[in-house]
Amino acid sequence: MKDKKTIKNAPADKFESGAPLEHKDNFKIVNSSIKKVEGPGLVTGKPMFTDDFEFHGMLYAKILTSPHAHAEIISIDTSKAEKLPGVKAVLTHKDLPRIIHTTAGQGYPEPSPYDSFTLDKKVRFVGDRVAAVAAETLELAEEALELIKVEYKILEAVLDPLKARAKGAPVIHDEDEARMIIPLAYDKNTNLAAHAEMSEGDVEAALKNSERVFEHTYESHYAQHCPMEPHVCITHLDPNDRLNIITSTQVPFHTRRIVGQALDIPVKRIRVIKPRIGGGFGGKQEMLIEDICAALTMKTKKPVRLEYSRHEEFMSARTRHPQHIELRTGMNKNGDLTAIDVNIIMNTGAYGSAALTVLCNSASKVLPLFNKVKDIRFYGDSVYTNLPVGGAYRGYGATQTYHAIGQQVDIMCREMGIDIIKFYKKHHIKEGEGSPVFQKMGEGKEGVEMKIGSCGLEKCIDIGVKEFGWYDKFNKKRVEGDWHYGAGMVCLMQGSSIPEIDMGAAYMKINDDGSFNLSLGATDLGTGSDTIFAQMAAEILTVQPADIIVYSSDTDMTPFDVGAYASSTTYLSGGAVIKTAEKIKAKISKVACEMMKTTEDDLRFKNGIVYSASKKEKVSFKDIAYYTLYEKNQFQIDASASHITHKSPPPFSAHFVYVAVDIRTGFVKPLEYLNVTDCGTAINPKFAEGQCEGAVLNGISFALSEEFIFDKKGRLLNTSFNDYKIFNAVDMPAVKTILVPTYEESGPFGAKSVSEIGINGALPAIGNAIFDAAGVRMFSGPYTPNRVLAEIKKKMKK
Amino acid sequence: MKTIEIKLKINNEDKILRVKINERLVDALRAAGYKGIKKGCYEGSCGACTVLVNGRPMNSCMIPAASADGFEITTIEGLGESDNLHPLQESILETGGVQCGYCTPGFLISSYALLKSNPDPNMDEIKRATDGNLCRCTGYVKKLEAVERAAKKMRGDK
Ligand code: FES
Ligand code: FES
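If you read the sequences in order, they're chains A and B.
Position one of the first sequence corresponds to residue 1 (my numbering), numbered consecutively onward.
Position one of the second sequence corresponds to residue 1 (my numbering), numbered consecutively onward.
Watch out, some of these pointers could steer you wrong.
Unchecked claim - Straight-line Cα separation of at most 20 Å, SDA-like style, residue types lysine to any residue; simulated pairs:
1. A:Lys374 with A:Gly335
2. A:Lys333 with A:Ile421
3. B:Lys20 with A:His56
4. B:Lys153 with B:Glu94
5. B:Lys20 with A:Pro85
6. A:Lys35 with B:Ser82
7. B:Lys127 with A:Glu672
As the list claims (entries may be wrong) - Sample of chain B residues with no beta-carbon within 10 Å of chain A, all distances over it, derived:
8. Ile4
9. Glu13
10. Lys15
11. Ile16
12. Asn54
13. Gly55
14. Arg56
15. Met62
16. Ala66
17. Asp69
18. Phe71
19. Pro121
20. Arg149
21. Lys152
22. Asp157
As the list claims (entries may be wrong) - If you only want the chain B side, here are some residues facing chain A, beta carbon under 7 Å, derived:
23. Lys35
24. Gln99
25. Tyr102
26. Thr138
27. Val141
Hints listed in this document are in silico derivations from the structure and should not be mistaken for laboratory results.
All figures in this text were calculated on a predicted structure; none of them were measured in a lab.
We treat Cβ as the ideally placed atom computed from N, Cα and C, and that holds for glycine.
My request is simple: use the sequences and hints to build the entire structure.
Following this line, the structure appears as structure tokens:
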């Protein structure tokens, strides 16, 4: 019999008062905070990132971007630029095949509209591509851009998403080719990039029968991912003239496919290598720069490097889709939520990257949390505007919608005199329960019906209330001079992978010394997935993580994986690793039986040694490797396996925040932030905490200071860290994470996802805390001093 | 482009670099093989390119390489080797303070400078010494903890 053991998720010591969680596995390597496998290289500054690669004769690329929000290119004269000594290529739309595609790094067929060309004769936002240059130095490339003469016919621009679909609005995608490649709502003539809706029960009737109906409009705002490493890639032709793309991407395989499509190059001629990535957060789930860099290599036959400057990251890379959310909910006297009606207009900017799926996730990652509600309606339009382009961003639609629903719950509870803690505990989805939303809201197709297998939310709430001291902080009206203090909270869920759509695969082989190579298509973008995969494989094979050499990812060398998105890596690719390691173990068993002349039920695995219980004999993995590689019936012990998921089990989290509001200036200072999170088994608790902390701080920064400021013509004005403020170490509140262990039967070693959920809480929780402190409701983010002060002044006038 | 020769000490080694007159120190150092220095903004606002210049942490993207003649530079490569890590490097791995690792070299250099002048900093001092080193991955918690931990190790406290 196996031992029983408590899963030792981080600071559990204080919270073991409740029944400790027990389950059948006695983990040795999994569920422990081992150090990052590639850590020593990272902390000593070894060359690991894209820009650390050097190629002889490498050219530097630069992209000329549009100064106009909406314009037609009448003519481009590149002759002067081409004549500049050292300039090796200049590309405009005339030089490239006109092939429509989407840049969204999604599986095929993509549920995002095909509306992009590598270079086009029309520009659709300030920062859109016009031309590209490759030159011997970066300075020369920059100089060359200034020599390109472009004549534009300026078109009327759509800068207000709420007017994008109005009659007579300019049509942004008037090209014939634009279309959805799967039968989904798309109407380019009215700037409709995508549409999603669902309904269950009868919302109108339920609202009518409610004691109170609450109706509010919320705006969630633009944001940039700000990975510290900007988008960067190097393309070159290898000795066989194959196009090699070294790129900082979350989606190497999708990038290979889309570059092939956009430039009409067979996939077999392309190799994509993902080295170390300096952060992505969704922004690198996009084929953003690889096509144009590759086109320059194809033209010059030379290695070409293209890196976005920070300014270009802001101007031209992807963003969080802003949403205009009209939310109606009903409540009964006893505090029961009766109906939810969500209406969203989502601004996808000039192109429809993830325009549908982000919208769908606004429903599917949010509404099931309130599964007691029988009457639900969700209606959303994604509209084109001549503004920066939306895309995948950690939280993916859920962040936007929690802003609305997380505050509306607070509003309802306050006005109806209900305890918000009791409300969430009663209303949230529980183990064994489902929600019609899961089935009705898929990603470009129907969703998957699902029952919740693990849910620690109730425990998260209880622990949070106690640890945070909720009842000592909430509604206490503490005032010190101009500082008013208040507390807010919110409950959240997300998902783990896209069920029945995404696939991850792994390959493993044994080496002479009994170590293993584990190759994966899954991409570690800083999360630590390479390490947790080593932990998983080591757990199964009873070896140390150091005995597993992880390599990810290279489209020539590693098996397919959709890539790092949709909170899928641990849950999805982890499944592939487990299957692969199990297969290896089975092969090792067979050889061990042959070597020790025994049967499989007689074998015991421990520390990389196989024991025969009956014969008191043993063979090590090294013995087995030597035997199979050199001695008898030689063969390579190897295996590969693929994994798809049939559900998307949500992680859950309760967030609590304490703020001080200076009512004289409107400045909001976050003081304490606690997130209590159920991610199933944390494969590496410190990494899981780190995911929570990073997401939380990004969320806080988004809620309080990150903002896109446009001029009247749609040009983004704040394109540096000097005027787009992201939080630093001094700005941060005391952030604390507590992981609450549950065991998700469908996940690897009981794990669920953890990387996205934490970003969803700050906007609503801080909004609620501001109300608790200052009595003003912030329906639009970010909660900058200006905005908060304006609300305070409004309130004082009343 | 005109180039000049500069003599400087990098990680205690005498070096001669030929640099372009408009080149920034970060690029000159990276071109000379110090790839641990990162660039996150190229305008002095992210700290990824932090190196010690004559003992003081500075953003090497804001320093003209040509002006660095005679400087003493310490980069992340000068802190420790992978088989002989500096306590800061060791601690940040122990606390889980490295995620993507892109900001890590700059952060470690700033922390290193702090601990040299203040072996027993409080949390506020650690935050202030590293507030120029932006990190989008970690939320700072485990990085700051690592500096505390390293300081303890270096002082020989238990
Ligand atoms: S690259 Fe020097 S401060 Fe950002
Ligand atoms: S670890 Fe990625 S930016 Fe700091």
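To see whether the hints hold, each was checked on the structure:
Simply put, Lys374 (chain A) and Gly335 (chain A) have alpha-carbon atoms about 15 Å apart, close enough for the 20 Å limit, and the pair holds. For the suggested pair Lys333 (chain A) and Ile421 (chain A), the alpha carbons sit about 17 Å apart, so the restraint of at most 20 Å is met. The suggested pairing of Lys20 (chain B) with His56 (chain A) holds, with an alpha-carbon distance near 19 Å, which does not exceed 20 Å. Between Lys153 (chain B) and Glu94 (chain B) the CA atoms are separated by roughly 12 Å; this keeps the pair inside 20 Å, and the hint holds.
Taking the CA atoms of Lys20 (chain B) and Pro85 (chain A), the gap is near 18 Å; set against the 20 Å cutoff, the hint holds. Distance hint between Lys35 (chain A) and Ser82 (chain B) is fulfilled; the C-alpha atoms sit about 13 Å from each other, no more than 20 Å. Distance hint between Lys127 (chain B) and Glu672 (chain A) is fulfilled; the C-alpha atoms sit about 16 Å from each other, no more than 20 Å. Residue placement check: Ile4 (chain B) keeps its beta carbon more than 10 Å from all beta carbons of chain A (closest about 17 Å).
Under the 10 Å C-beta cut-off, the non-interface status given to Glu13 (chain B) relative to chain A holds; the minimum distance is some 15 Å. No Cβ of chain A approaches the Cβ of Lys15 (chain B) within 10 Å, the least distance being about 16 Å, so the stated non-interface status holds. Annotated as non-interface, Ile16 (chain B) keeps its C-beta farther than 10 Å from every C-beta of chain A; the closest such distance is 20 Å. Listed as outside the interface, Asn54 (chain B) is consistent with that label: its C-beta sits roughly 20 Å from the nearest C-beta of chain A, beyond the 10 Å cut-off.
In this structure Gly55 (chain B) is separated from chain A by more than 10 Å, as the shortest Cβ-Cβ distance comes to about 19 Å. Look at Arg56 (chain B): its CB is around 19 Å from the nearest CB on chain A, clear of 10 Å, so calling it non-interface holds up. With a least CB separation of 12 Å from chain A, Met62 (chain B) remains clear of the 10 Å interface cut-off, as annotated. Non-interface status of Ala66 (chain B) relative to chain A is upheld: no Cβ of that chain comes within 10 Å, the nearest being about 15 Å off.
Its beta-carbon lying about 22 Å from the closest one in chain A, Asp69 (chain B) satisfies the requirement of being farther than 10 Å from that chain. Chain A leaves Phe71 (chain B) outside its interface by the beta-carbon criterion, the shortest separation being 19 Å against a cut-off of 10 Å. At roughly 12 Å, the least C-beta separation between Pro121 (chain B) and chain A is larger than 10 Å, which holds for a residue marked as non-interface. For Arg149 (chain B), the non-interface assignment is confirmed: its Cβ lies about 13 Å from the closest Cβ of chain A, beyond the 10 Å cut-off.
Non-interface status of Lys152 (chain B) relative to chain A is upheld: no Cβ of that chain comes within 10 Å, the nearest being about 18 Å off. With a minimum CB-CB distance of about 22 Å to chain A, Asp157 (chain B) clears the 10 Å threshold, and the non-interface call stands. Given hint, Lys35 (chain B) at the interface with chain A, holds; its Cβ is 4 Å from that chain's nearest Cβ, closer than 7 Å. About 4 Å separates the beta-carbon of Gln99 (chain B) from the nearest beta-carbon of chain A, less than 7 Å, and the hint is met.
Contact between Tyr102 (chain B) and chain A, as hinted, is supported at the beta carbon level, the nearest pair being about 3 Å apart and thus within 7 Å. With a cut of 7 Å, the hint placing Thr138 (chain B) at the interface with chain A holds, because the nearest CB-to-CB distance is about 5 Å. Below 7 Å, beta-carbon pairs count as interface contacts, and Val141 (chain B) has one with chain A at about 5 Å; its hint therefore holds.
Every hint from the earlier list agrees with this structure, and none is contradicted.
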